[in-house]
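Protein chains in written order, with the numbering used here: chain R, -9 to 107; chain Z, 2 to 116.
Just so you know, these hints were derived from the structure itself, not from any lab. Bear in mind the structure is a predicted one, so any value in this text is a computation, not a measurement. Heads up, a few of these hints could be off.
Said to hold, decoys possible - Under 10 Å between C-beta atoms, here's a sample of chain Z residues computed to sit facing chain R:
#1 Ser13
#2 Val14
#3 Tyr34
#4 Ala54
#5 Lys56
#6 Lys79
#7 Met90
#8 Lys103
#9 Leu104
#10 Gly109
Unchecked claim - Simulated restraints, written as ranges between beta carbons of each label pair:
#11 R:Arg12 with Z:Pro10: 42 to 52 Å
#12 R:Arg49 with Z:Glu62: 39 to 49 Å
#13 Z:Gln70 with R:Gln31: 22 to 32 Å
#14 Z:Gly86 with R:Arg71: 24 to 34 Å
#15 Z:Glu53 with R:Arg49: 36 to 46 Å
#16 R:Asn(-3) with Z:Asn59: 32 to 42 Å
#17 Z:Asp82 with R:Arg49: 15 to 25 Å
#18 R:Glu42 with Z:Glu16: 44 to 54 Å
Using N, Cα and C, we set each Cβ at its ideal position, and we do this for glycine too.
Each chain is listed here by its residues.
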Amino acid sequence: DTGVSQNPRHKITKRGQNVTFRCDPISEHNRLYWYRQTLGQGPEFLTYFQNEAQLEKSRLLSDRFSAERPKGSFSTLEIQRTEQGDSAMYLCASSFLIGQGVFTEAFFGQGTRLTVV
Amino acid sequence: AQTVTQSQPEMSVQEAETVTLSCTYDTSESDYYLFWYKQPPSRQMILVIRQEAYKQQNATENRFSVNFQKAAKSFSLKISDSQLGDAAMYFCAYGTQGGSEKLVFGKGTKLTVNP
């Protein structure tokens, strides 16, 4: 297991197009997180999953953003009708329940850099 | 809502010297976790050090140590014997419920290590 994997690493798209990013967490990690990182800022939490259940999506930036984790393994983040303001690094992270509500630290992927032109 | 503030956008240090990165946070919770993450250029973010708020003892990991002042809500990172490979963005982060849930990050400090 080589860690959290994100694909693609880079994506350039035209405004108005839909894009989908994939995240493969560390195997057996039951928590999966999506963050967005804009230039000069720290990562901003978007949503997270416990296995296949999406536990919070209120932080998703708009209804154009959606995420799934259909079988509790990999996850996808989709942005519909992209706007220039969506240009950012999208980070995925995963963690593992080690007991009684305590998780390991979050392990991050290298991110997908989205550029909307 | 919790906030994390890193007041030093950039810091520099000479190789083999010691540098301290500052972080303050705001929360009304009594049980939480604090982290320092390192993000090298074009590389993934990796955990440097982790502190549980209920522990009074400051965490240490080899050349990295923290000064955790709970009452002051301060969490600084000290890097001793700085190495060229320490050059990176450093992010302070706050988490609850077991440590990794919905981390709140500061804006980061860019550390340059001069040979």
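Now for the hints, and whether the structure bears them out:
1. Nearest Cβ of chain R to the Cβ of Ser13 of chain Z: about 18 Å, over the 10 Å cut. The hint is violated.
2. With its C-beta approaching chain R no nearer than about 21 Å, Val14 of chain Z sits outside the 10 Å limit, and its interface hint is violated.
3. The closest approach between the C-beta of Tyr34 of chain Z and any C-beta of chain R is roughly 8 Å, which is under the 10 Å cut-off, so the hint is satisfied.
4. For Ala54 of chain Z, the suggested interface contact is broken, since its CB lies about 13 Å from the closest CB of chain R, more than 10 Å.
5. For the restraint placing Lys56 of chain Z at the interface with chain R, the shortest Cβ-Cβ distance is roughly 13 Å, beyond the 10 Å limit, so the hint is violated.
6. Proximity of Lys79 of chain Z to chain R is violated relative to the hint, the smallest CB-CB distance being about 20 Å (cut-off 10 Å).
7. Below 10 Å, beta-carbon pairs count as interface contacts, and Met90 of chain Z has one with chain R at about 9 Å; its hint therefore holds.
8. The beta carbon of Lys103 of chain Z comes within 5 Å of a beta carbon in chain R, closer than 10 Å, and the hint placing it at the interface holds.
9. A distance limit of 10 Å between C-beta atoms decides the matter here; for Leu104 of chain Z the minimum to chain R is near 6 Å, and the interface restraint holds.
10. This hint holds: Gly109 of chain Z has a C-beta 5 Å from the nearest C-beta of chain R, less than the 10 Å allowed.
11. Remark: the range hint 42 to 52 Å for Arg12 of chain R to Pro10 of chain Z is contradicted by a beta-carbon distance near 33 Å.
12. For the pair Arg49 of chain R and Glu62 of chain Z, the supplied restraint of 39 to 49 Å is violated, since their beta-carbon distance comes to about 30 Å.
13. Taken as a hint, the range 22 to 32 Å holds for the pair Gln70 of chain Z and Gln31 of chain R, whose Cβ atoms sit roughly 25 Å apart.
14. Between Gly86 of chain Z and Arg71 of chain R the beta carbon distance is about 42 Å. The supplied range of 24 to 34 Å is therefore violated.
15. A beta carbon spacing of about 25 Å between Glu53 of chain Z and Arg49 of chain R contradicts the range 36 to 46 Å that was offered as a hint.
16. Against the hinted window of 32 to 42 Å, the Cβ-Cβ separation of Asn(-3) of chain R and Asn59 of chain Z comes to about 39 Å, which satisfies the hint.
17. Here the CB-CB span from Asp82 of chain Z to Arg49 of chain R is close to 39 Å, at odds with the stated 15 to 25 Å.
18. Roughly 48 Å separates the CB atoms of Glu42 of chain R and Glu16 of chain Z, a value that falls within the hinted 44 to 54 Å.
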